[in-house]
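Q: So you can see what is in the structure, the chains are spelled out below.
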Amino acid sequence: MTEEMPDPNEKELRALLKREFPPFEEAELPRDLWPGMLRRLDAQPLRVPWFDWALAAAVAAALLLFPSAVPALLYQL
Amino acid sequence: MELLERFAAGDLEAFEALFRQHQKEVYAWTVRIVRDSCAAEDLTVETFWRVYRARGRFDPAAGNFRAWARRIATNAALDHLRHARKETELPEDFPAAPRGDPAAQGELRGRLRRAFLELPSKYRLVATLALIEDEPYQEIADAVGISPALVKVRVFRAVRMLRRKLNSLGVEVNAK
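If you read the sequences in order, they're chains A and B. Mapped onto numbering that gives the first Met the number 0, the consecutive letters of the first sequence carry residue numbers 0 to 76. Mapped onto numbering that gives the first Met the number 0, the consecutive letters of the second sequence carry residue numbers 0 to 175.
In case anyone wonders, no lab produced these hints; they're calculated from the structure. Nothing here was measured: the structure is a model prediction, and the numbers come from that model. A few of these clues could be false.
What the hints assert, rightly or not - 25 Å max Cα-Cα, derived SDA-like pairs, lysine to any residue:
1. A/10 <-> B/117
2. B/121 <-> A/26
3. B/121 <-> A/25
As the list claims (entries may be wrong) - Computed footprint of chain B on chain A; a stretch qualifies when at least three of its residues, placed anywhere within it, have a C-beta under 8 Å from a C-beta of chain B:
4. 9-23
5. 26-39
To be verified - Calculated from the model, a selection of chain B residues having no Cβ within reach of chain A, i.e. all distances over 12 Å:
6. 1
7. 55
8. 120
Note that the Cβ used here is the ideal one computed from N, Cα and C, for glycine as well.
Chain A on its own, in the form it takes in the complex:
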């Protein structure tokens, strides 16, 4: 129970709310959720392999060093 005395203005509203939304006194977990947790752990987000990052970095570096290669690259795309 709340330690504070409820504001008298709250009393009627509190009673109405409890009547319409009965409190969950003992909410029992219906099943073990660990299997679902394992599925969640297994569903790793999509990860980009390190060599893809390395390739992207190499291309970016090449384009910075040789800007004239940009049209050629765009033509290949």
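For this one, chain A is given, so just place chain B on it according to the hints.
A: Relative to chain A, chain B alone:
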């Protein structure tokens, strides 16, 4: 090595042990906020997913795992309330209200439900815990990460907003 230390170091078996120790409590807390058992199950898993991801920030020496998990569960439930705020229908497994005059009860119930579900999520959360579930302000404060005084302010504002909404819907709720 202690269980919490092993968990913080990323030991999956330690995490499983903590999950099994605390899943019932996290679910019970969450279902009281979101008031939907299916959503509460999903949010319990979401909570532990966040717990697992944040294990590196947990201090096993100083930390209280139960309080930490409850706070994460409260944040997950609050996120859920924010996304579900537009929803006006209650789930099928919602506990049934006692019936008096069916027409008047139905009308009042609909308006009260609408007014309550339209409350901003952070107010709805504290109103649910304080006014319906009779949780102590200190417990709510710890779970939300605010002071008990601010919980009291939010409850007061939630009551005021609810009363105004109900009055605007034609339901007079006054102090007795």
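Q: If a hint holds in the structure, say so; if it does not, say that too.
A: Evaluated hints:
1. A/10 <-> B/117: holds, 20 Å
2. B/121 <-> A/26: Given pair residue 121 of chain B, residue 26 of chain A holds - Cα atoms ~22 Å apart, limit 25 Å.
3. B/121 <-> A/25: holds, 24 Å
4. 9-23: holds (count 14)
5. 26-39: Result for this restraint: holds, n = 11.
6. 1: holds, 21 Å
7. 55: The assertion about residue 55 of chain B holds, with a minimum of 16 Å to chain A.
8. 120: holds, 16 Å
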